[in-house]
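K.L.:
Residues per chain are reported as follows:
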Amino acid sequence: MSYKSELTDAMTALAADPRTRFVGYGLERGRAGGTLMGAQQSQITETPVAENMMTGIAVGQSLAGLLPLVYFERFDFALNAADCIVNHLAAAYEISRGQFKPAVILRCVVGNGTKPLFTGRTHTQNFTRAFREMVDFPVVEIRRDSAVAACYESARAHQLRGESTMLIEFKDLL
Amino acid sequence: MTTHTAESLAAFEQGIKARFADGDLPFLVHLSGGNENELVEIFRDIRPQDWVFSTHRSHYHALLKGLPADDVESAICRGDSMFIFDRARRFYTSSILAGTCCIACGVALAAKESGGDTAVYCFLGDGAEDNGHFAEAVRFATARELPVRFIIEDNDRQVDTSHAERWGTAERWNWPKCVLRYRYAPTFPHGGAGLPPGSVQFRQDAIERFVNSQ
Chain A
1 MSYKSELTDA MTALAADPRT RFVGYGLERG RAGGTLMGAQ QSQITETPVA
51 ENMMTGIAVG QSLAGLLPLV YFERFDFALN AADCIVNHLA AAYEISRGQF
101 KPAVILRCVV GNGTKPLFTG RTHTQNFTRA FREMVDFPVV EIRRDSAVAA
151 CYESARAHQL RGESTMLIEF KDLL
Chain B
175 MTTHTAESLA AFEQGIKARF ADGDLPFLVH LSGGNENELV EIFRDIRPQD
225 WVFSTHRSHY HALLKGLPAD DVESAICRGD SMFIFDRARR FYTSSILAGT
275 CCIACGVALA AKESGGDTAV YCFLGDGAED NGHFAEAVRF ATARELPVRF
325 IIEDNDRQVD TSHAERWGTA ERWNWPKCVL RYRYAPTFPH GGAGLPPGSV
375 QFRQDAIERF VNSQ
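Residue numbers (the numbering used here), protein chains in the order written: chain A, 1 to 174; chain B, 175 to 388.
None of these hints come from the bench; they were simulated from the model. Computed from a predicted model, the values in this text were never measured in an experiment. A hint or two may mislead.
To be verified - Cut-off 20 Å, straight-line C-alpha distance, at most; resulting in silico cross-link-like pairs (SDA-like, lysine to any residue):
| no. | chain 1 | residue 1 | chain 2 | residue 2 |
| --- | --- | --- | --- | --- |
| 1 | B | K286 | A | P18 |
| 2 | B | K286 | A | I95 |
| 3 | A | K101 | B | R263 |
| 4 | A | K101 | B | R261 |
| 5 | B | K286 | A | P48 |
| 6 | A | K101 | B | L369 |
| 7 | B | K286 | A | Q40 |
| 8 | A | K101 | B | F257 |
Extracted from the complex, chain B is given alone in its bound form:
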């Protein structure tokens, strides 16, 4: 369903980076990057009737689910980088670690009971993979054979801490088949645009725009 390419995704995010560098985005943003090809491939299977549950790092997911780039950019520019939603396109986000995994199960359970042709895709990072709420959801989805797939976007980073640092081993846990993992090297840090500390001066008009939008 997507018309985006790896190049168009990267260009979009570079545009957001430029606005951040210009002091136009005085709030936390989580930029995507380094996983364009993997996501384009995954979204080839995702249809309009399917649900997508995204994360704090949602820009690419939103674009690939079919949200207009102008709408995504507008949301980011009003401080909603972590809160991009689209009811009509069945696109839901949460910046709470692993918080959507069980909600995705509920949607999938309802879809299965209704007998319709709806699937659910729930994205999470390898930090959220550590959380028990994800494990509960995977067990429930597997046991009930729900039409849900969990996609771990593994950038070996829980904020800034690697898998080996937090678990004492770099070996990944083996999850059931409803879980897909892809690994990538992120272009940007956890938050912000990777610019030198103190190099961004946030503009007063941007700050006022944000405050007035709340």
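Same shape as in the complex, but just chain A:
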């Protein structure tokens, strides 16, 4: 199976739980590069292009008992959401002394650097190391087709325990 078909299967598996929400922009139209074809329409939370808001909405959905995933079509853009990721999502458990455990899957895509269409520095940066320094939940790169399913299964297992995960995909592998 290809990287993309593995991702599509992983998203479909997440969508099997009706509490799952996929949060982001362009999802109703583009379905995250087609990988959300297995999601129900009611599971799509379409937003404007406002990454901090996308993440905040997901945190709120989690507080309300849902299982959100935020889709960042480029990892570069997740920096707009760094405040919400670092100061809220990652900090809530500690500052609330364990009362609130928002759990969100952050799905980030590093743009392609080895094949067309080339998109330049601000669409191809990989901030894995930086986020590993800033948050205390797993930040995992998915570098092989065969690792996709296990990574998302693990992320969902973490989420059900009240823990977030950031997963990094690579467009070069599509």
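We have chain A; now place chain B onto it with these hints.
P.N.:
Leaving out everything else, chain B in the frame of chain A:
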């Protein structure tokens, strides 16, 4: 739902001020004051099933949401003035400017989708009003007709800087109807209890209590 009055709120905060003056609170506190009547009125509409998102200045909000005064005081005395939470009472705080506005939208969106009778109230200061994250949340809440209300507690102060100083005009921005603004003159400064500089000697036992609680 609240049993608090303007007088009981003010008395609580004066008690915290007294402990601060006594050197018993060796950490940053943000005391409320001057807005008791406005908050008592606002909280008349807030029910147990509703969520409240508060700010760094959370003491009055917590008391009015129904947190026991002893619990609020205990939290303050262990250094959690900015971190008062209560899951059961749906009370959440953040000291990050405008940070809760979009989170409140997420809770409100889930409430609307579920068809339940839950509303969300998100408090912020006029400093947070300046932040783009608030504008994003207001636009989303308005467009989606979410059951969320944003309450700007306008004390004309972003830490110490007035609206006119930071924007070049004292005129306020007009927000959609999901935003309520009330203006008040604060009793206390941004942080601390308004005591003369150098007048508070923090006690060693209080410092040790704080360090050991972390």
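K.L.:
Each hint: holds or not?
P.N.:
Structure-based check of each hint:
1. K286(B) / P18(A): Roughly 16 Å between the alpha carbons, so the hint for K286(B) and P18(A) holds.
2. K286(B) / I95(A): Measuring from Cα to Cα gives roughly 28 Å; hence the hint is violated.
3. K101(A) / R263(B): holds, 15 Å
4. K101(A) / R261(B): holds, 10 Å
5. K286(B) / P48(A): holds, 19 Å
6. K101(A) / L369(B): violated, 37 Å
7. K286(B) / Q40(A): holds, 18 Å
8. K101(A) / F257(B): With Cα atoms ~14 Å apart, K101(A) and F257(B) stay inside 20 Å; holds.
In this structure, the earlier hints numbered 2 and 6 are contradicted, and the remaining ones agree with it.
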